[in-house]
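Visitor: Chain by chain, the residues run as shown.
Protein chains: 2
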Amino acid sequence: MAATAKSEQTRRLLIDTALRLFASQGYEKTTMRAIALEADVSVGNAYYYFRSKDDLIHELYRSLQDEHRSLALPQIREGHNLGENLLAIFSSGLTTMEPYHAFGVHFLRDAMAPHRRDDDAVGRGKSIAMFRQAVASARPQPPVALRSDLPELLWLMHMGITFFWVYDRSPGQRRSHRLAANLAPLIAKLVILSRLPVVRSILEDVVHLLRGVRREG
Amino acid sequence: MAATAKSEQTRRLLIDTALRLFASQGYEKTTMRAIALEADVSVGNAYYYFRSKDDLIHELYRSLQDEHRSLALPQIREGHNLGENLLAIFSSGLTTMEPYHAFGVHFLRDAMAPHRRDDDAVGRGKSIAMFRQAVASARPQPPVALRSDLPELLWLMHMGITFFWVYDRSPGQRRSHRLAANLAPLIAKLVILSRLPVVRSILEDVVHLLRGVRREG
Chain A
0 MAATAKSEQT RRLLIDTALR LFASQGYEKT TMRAIALEAD VSVGNAYYYF RSKDDLIHEL
60 YRSLQDEHRS LALPQIREGH NLGENLLAIF SSGLTTMEPY HAFGVHFLRD AMAPHRRDDD
120 AVGRGKSIAM FRQAVASARP QPPVALRSDL PELLWLMHMG ITFFWVYDRS PGQRRSHRLA
180 ANLAPLIAKL VILSRLPVVR SILEDVVHLL RGVRREG
Chain B
0 MAATAKSEQT RRLLIDTALR LFASQGYEKT TMRAIALEAD VSVGNAYYYF RSKDDLIHEL
60 YRSLQDEHRS LALPQIREGH NLGENLLAIF SSGLTTMEPY HAFGVHFLRD AMAPHRRDDD
120 AVGRGKSIAM FRQAVASARP QPPVALRSDL PELLWLMHMG ITFFWVYDRS PGQRRSHRLA
180 ANLAPLIAKL VILSRLPVVR SILEDVVHLL RGVRREG
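In order, the protein sequence lines correspond to chains A and B. Each residue of the first sequence is one higher than the last, beginning at 0 in numbering that gives the first Met the number 0. Each residue of the second sequence is one higher than the last, beginning at 0 in numbering that gives the first Met the number 0.
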């Protein structure tokens, strides 16, 4: 137990030190050796925790995703409409990432790295589960025809907001917050309208398009 | 005239040399001095053409946009439907950028840089004009209600494809081409369906959302 706590402390120390050095010297110029030195951890020990800077960024991104879920899940409540649930998830996501905006590009690179795929599947699964809960607890309930595809579609919207946020240079990333605030009710409205055949057919095309794009090869 | 040709030649030499060094040593590690040295141009002269590496990337991106227009415009023909015109623009954009995929992240950074705004407005205007032509020459003609907003909306879709392409690691960015091929007819279908009040109201919401997001502050 004590060993685990100590281990967790060292991991956190290395991440925090790396973030500080990335911020002051830039990501490219910061070496693993410099991070270890600055954190007062032996170089060998540092490599035991993280094989590379990319690994550090990956761990940070993953821990932010966990933090996001802890923040968002209590806000998803039975009886809220879908727009309210979505806004809770989108906003808490932006809030969680805000202190790390300078590393946003590295998060994207990490998220899109091919060798992360297996690992990603776990994180993506957890994120999609959060949207599944937002759909399941929403009142009124989304149309049955859409309910199974919707969580993944919403997760893709969330990734879209994250992309936008990475390149958003407005103060406090205000434009990203505005995007989230406007997108959440628009999606909710579309979901309600999907009871109409013409809107459902459009949404089916969108689902088909996104599936095609995500498919490999 | 000869001086201008020589000047253009030096600019091109500096860009090509920079690209080669960025590719072999990485963007961060390549200095303006190293680029000048490798191109056999005096450092002072190199700075006369480009104040920084960012400037180099910016110029390259801008010249690619010009190239894209020269490639796309002849393919936009009276009598084609909107989907065909869009696919011509999207595909030629991907083809033009393909050799520079490794610098995609820097293109995005450049496109989103706040100090580029005035300059951007010119490039954006030219790009939007290309989509205006795609709309004007499309048969059947898009509904009147949508015709004025459509070019900018289409340009934003094109930016979305560019974002996706930057992070697309599939061989030859195949997934981006698939996205373009599927998105073009879907947009065209939506435009036709916008004659229905429910679809028009959705598109108006989307236009409103995008306007809100692009607004500063």
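Hints may be right or wrong, so weigh each one.
[As the list claims (entries may be wrong)] Cut-off 20 angstroms, straight-line C-alpha distance, at most; resulting in silico cross-link-like pairs (EDC-like, lysine to aspartate or glutamate): (1) B:52 to A:204; (2) A:188 to A:204; (3) A:52 to A:83; (4) B:28 to A:27; (5) A:52 to B:37.
Because the hints were derived from the structure by calculation, they are not lab data. Since the model is a prediction, treat every value here as computed from it, not as a measurement.
Visitor: Which of the stated hints cannot be reconciled with the structure, identified by number in ascending sequence?
Guide: Result: hints 1, 3, 5 break, sorted rising.
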